[in-house]
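Trainee: Take a look at the letters that make up each chain.
Number of protein chains: 2
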Amino acid sequence: MDAGVFSQMYGRYTQELGVYAKEEATRLKESGEKVSQRSRTLEHDNGRCAKCKRQKWVYGRLDSNGFLQYLGWVGYSVALIVFSAGFTQIVSPQAAGSGISEMKTILRGVLLKEYLTFRTFVAKVISLAFALGSGMPLGKEAPFVHIASLCGALLCKLPVFRGIYENESRYREMLAAACAVGVGCVLAAPVGGVLFSIEVTFTFFAVRSYWRGFFSVTIAAFFFRVLAVWYKDEETVTALFRTHFQVDFPFDLKEMPAFALLGIISGFGGALFVYLNRRIALFIKKQKLFNTFLMKKCLVYPVMVSFLISSLLFPSGFGQFMAGELTQNEALVTLLDNRTWTKDGIAEEFDYIGNARVWMHPQVTVFGTLALFTIMRFWMCALAITMPVPYGAFMPVLVIGAGLGRLVGECMAYWFPEGIHAGHAIYPIVPGGYAVVGAAALSGAVSHSFSTVVMVLELTGQISHLLPALIAVVLANLVAQSLQPSIYDSIIKIKKLPYLPELGWGQHEVYNIRVEDIMVRDVQYITLSCSYRDLLNILMKSRLKALPLLKSAESMILLGSIERTQLQSLLSQQLSCARRLQCIKERGAEAKKLLSTESNPPSNNNSSLQTGPEEGHIQVRGHRRTHALSFTLVDLQITDWEARQLDERVNFNNCKINPALIQLLECTSLHKTYTIFSLLGLDHAYVTRIGRLIGVVSIKELRKAIDGSMTLKGVKVAPPMATFRNSSLSSSQNETTYLQAVRPPEEHVTDAPKHVC
Amino acid sequence: MDAGVFSQMYGRYTQELGVYAKEEATRLKESGEKVSQRSRTLEHDNGRCAKCKRQKWVYGRLDSNGFLQYLGWVGYSVALIVFSAGFTQIVSPQAAGSGISEMKTILRGVLLKEYLTFRTFVAKVISLAFALGSGMPLGKEAPFVHIASLCGALLCKLPVFRGIYENESRYREMLAAACAVGVGCVLAAPVGGVLFSIEVTFTFFAVRSYWRGFFSVTIAAFFFRVLAVWYKDEETVTALFRTHFQVDFPFDLKEMPAFALLGIISGFGGALFVYLNRRIALFIKKQKLFNTFLMKKCLVYPVMVSFLISSLLFPSGFGQFMAGELTQNEALVTLLDNRTWTKDGIAEEFDYIGNARVWMHPQVTVFGTLALFTIMRFWMCALAITMPVPYGAFMPVLVIGAGLGRLVGECMAYWFPEGIHAGHAIYPIVPGGYAVVGAAALSGAVSHSFSTVVMVLELTGQISHLLPALIAVVLANLVAQSLQPSIYDSIIKIKKLPYLPELGWGQHEVYNIRVEDIMVRDVQYITLSCSYRDLLNILMKSRLKALPLLKSAESMILLGSIERTQLQSLLSQQLSCARRLQCIKERGAEAKKLLSTESNPPSNNNSSLQTGPEEGHIQVRGHRRTHALSFTLVDLQITDWEARQLDERVNFNNCKINPALIQLLECTSLHKTYTIFSLLGLDHAYVTRIGRLIGVVSIKELRKAIDGSMTLKGVKVAPPMATFRNSSLSSSQNETTYLQAVRPPEEHVTDAPKHVC
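So the sequences go chain by chain: A and B.
Reading the first sequence from the start, the letters are residues 1 to 757 in our numbering.
Reading the second sequence from the start, the letters are residues 1 to 757 in our numbering.
Hints listed in this document are in silico derivations from the structure and should not be mistaken for laboratory results.
Note that the Cβ used here is the ideal one computed from N, Cα and C, for glycine as well.
Each hint can be trusted.
One-sided excerpt, in silico: chain B residues whose CB lies under 8 Å from chain A:
id, residue
1, T203
2, V207
3, T218
4, V226
Build out the structure end to end from the sequences listed, making use of the hints.
Mentor: And the structure:
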């Protein structure tokens, strides 16, 4: 402080001294902050320069010729995408896509073929790197869930862990932890990452498995940040996208309606994004001929998409109006900027340092660039994630949300140029805070998760906007969840993966629909006393993976179920070569005996058999003297022998019988059935009435019932009986049955019970 | 900046200008911060003064007389505690204790009597207020989980929600959301609160229920903070215990070992706390006679405890060495202080403003007061939470953890007075950061949860110490979880609530122990063809709540189970008055017919019956002319009639039969059984082999098996068969059975199957 200020101070009343000191301190602090901020931004930009994108480098080198520049810019993107898509196609097509949808299905207990192999790992990592480098609006968060799961699955194959992880339950716990670690390590947001992974991949989560996720993610986050410090990228362990908002007064309560509005807009935006993405994906899928041509043969589709997007992003062309030259990370850094970009509607005259400069365009205002950025990136991202490359939708959506939030924030700053009066002081509006809230809200709406709040706060390193972010995310989720499924469930539907849809909230029907409304009554079964012929007939008739075993057709008492392969092997054993040979030998011995009593030397022709084509050929050496006549005889004998074999009762002694671990009742509610199915990862369950089998429910029926009652066009297709029942039946009443209710199963014609597909 | 500085600047090279500007900016900023910080602290202290504790006020007013002062201080505490304990005892003893253990049990599906009534609500709220006011080291977090659940349960009884919440599943979902909201609203830590509630009350959590918790907690946090602003307590929405650490360089990687060590110490401390608390509680419980006298009659125990603790805390006595005059909130605020309290071992000479002054004592160094504070509060809290008042252990433990952390931090600052050299700059050590980490680590160790990290960061409003806190909490949990159960599970054990213990991690035995090792084989059952006499015998012999119903004793095929009350009513119906009367009437009519043929007038004596005491007295009006002889005759007839009635076959037509929803196999692993039990909230399950009942497993057996294999004294009591099995049996092999294995159930003498207790 200079002398003048001091003399001024001495002239004041001592009482005012404190107030003055405070004011002065604030002034000094602010000026100090400005300086340090500027230097900080400078440092930041310098740091980034070295790591600047190759695409930009190409663009910069070719600045002599506009057309060459355009070719370089677009060609770079297209080439990388084509390589990524091609590599994925050739090495492992399973590596395409996000991975969260698939991991969700796998954690439900469904085996997806070749999804967790080393080949897929290689394909995913390399293709992902190329796809990210292309400059398309793609993210790496969801693929990292898949990559982490791949690491987990491959680690389990190492000799060290092999013994332990041959146990299925433990293997699944390993995968669960891997999923939890995926997002956390890539964003250096350990807590938010674990929570996000849990929210998007699990239906029911064992709290006990929680610590595994936290343990691995802590180690991951530690090394991720430590490596950054060791390689001198950062001075110390800090957040990825540090914000520098003033923490004394980050926002005022009067700003809450604006935050709430931002949440609601994000909700609609999130639903629209999911809808748009699904429409595009389904449109592409429908064009069958087109499809085969585009996807498999020439990689034309990715070329088209990447050409379109990179052309629009071309910085000297249309891209100049929408900050096209910024990568996603750069865009996010500038959007979270501390300062207000406008003053009284026109871009303020302070120096836009570094990347933030691109937001200011002479023809378009800041509002224009922000709006264009948000809208264009929105459909571009929805389009880009239909390409057959590894992709994540989280980061692009986060950036779009930040853009939306910044737009709202700049508008607020325009409408309230004076800031908000709170108590004695006036605090300016911080548009960067709106960007944080918008990022959390839009990504929350698209993924139907709340943990994006935590993640965004971890990313920015400041917790000051927790409450507005939480409110916006809750509102965004309220809107989005009632309009559309999450992006991951939407992808599951598009890819037709075997998964149960999420129960939407407010679905009161699930408490009123009962198992009897949805079960298949015409069940194919086998009984303890059935013959091999019955077995053959049932195997020919039905395509079930497992068949229920009953005590008898009269009692209908359920004993368990037997897998199709087991039954097939029973049948083929009964008609096996070995038994045929044995039978022939016995007969031969008999015939010998008979002949020896008749003193007639026997011809052993009948031992040279040709079994049915389904059993393969047997060659009994040394007995090949066969005549046409005897062959026909033998043929008849075979048919006869087979017929007799088939008439025998099945011997279940060596057959594995799976127990009917879960038996449902006809009065069990759909809600409870859903819970049991998703808790225990079932794919079908038998419905019994006092031990008697009366029906079967599979995932298919369940999915139909839930989707039926979820129809959004106003007509809810609840089963007819369900609507007549009292909605407030207590479940203890539901869960009992009366012996008098036992009658023979009604003949109710429904679908064939293809319950295990 | 004054002119001299400017002239100095002009003399330098232009290149250096930037560096100088930066340095200058930092200097100005720091000085500015110091001023604003001091004024901030001043404000803070002034604000607190108005809300200063009544106990302190009493203490302040009586400062003329030391003894009176002591009496006032101690009397205040004792009186409030006695009122709290007495009120709880009289109005609703269920209100005592934390509530988390009980809610955990309730959410598992166990009904605790009178635990969610309005009476309990009143008792809990009022007693809690008094207990908190007493100045004992008690918290209000866990009781708020109970209070929120009470609110939820009572809301469900309102006519508006009644229809919806008569459904049991929805009622449970309501309770789950209430639990989630409890902690979040009391600490204004929405995210951490929800996570903490989930971690400590659930074993399996439906991710679908997540949003309910977040939704309610967001509203709760919003109103909690908004009210504070409206009542002018705070200028805006901020964190409860705001810290003001510099965010540019909160800590260095070289400090990591210290943070890790703090985590490990906290882990041992947490385990010791749980152990100490259990020893005290069990010791008190053991002294049976003493116990009745102390607890029920005279409230002597709470008086003794509160007298001891408040005497030690007396600020003019021993309390002066351990900051005894500070309330928990005040202590926490001072412990999170930005500044270092020591310089070269002696308390630094800057002015300790307000409450922080008490940490500086002329006889004892800061290290001494901190160590005393930590150690004394540690056992005091473990002792205080054995009193029969509503209490929470979370906040006191958090404060103790902060004390421990501060101690470590001050030691570090003493050992490295120069701070840590990082790059070009030197950063001082921030002991307040250690306090944050210590608070998270110790509370995490005691409650076996990770979300304390999030909670502490939300409480302080700064996320800068996320990584060290996460590392410390993970280490603390590693140590604590392998030594002791969590405080809530420990209380469940002490109170003997029906709950499954948590599976410790690293318990490989649970994969190798099978159901056959732990099941009860000698099952009491009823068959479809049994007589009422059999029923009577079984009901007399066993005390089970439900009995399995078999098709026949030969087939042993399980049809379901019937509740004891159902069976009792069947029996009493068979021997009911109505049936007796009917029988008598029929006989009377017969006798009349007989007599009328013999022309002899009948005496209707036999219609005046006295049934067995268990059936109550019947008074048949107008037929009271009885003689001794005829009475004996009648008596004989009754016995005869009853005998005949009992020999009849039971008619199960009107009997509710519960289905055996879950049937286990003898080869199901303990891990799977545990999962199914805790997922579906079972208390018993029947073990079947191809539909035939061969045993039963109840929570009791499960608990025994888990505790047996959890013994920490080196001897793991795994069932003998379990140890012989190959550990790497794949579960698909386990889960099947062979028909040839079906033999009559072995006579294996084990405990009587008291499986439902």
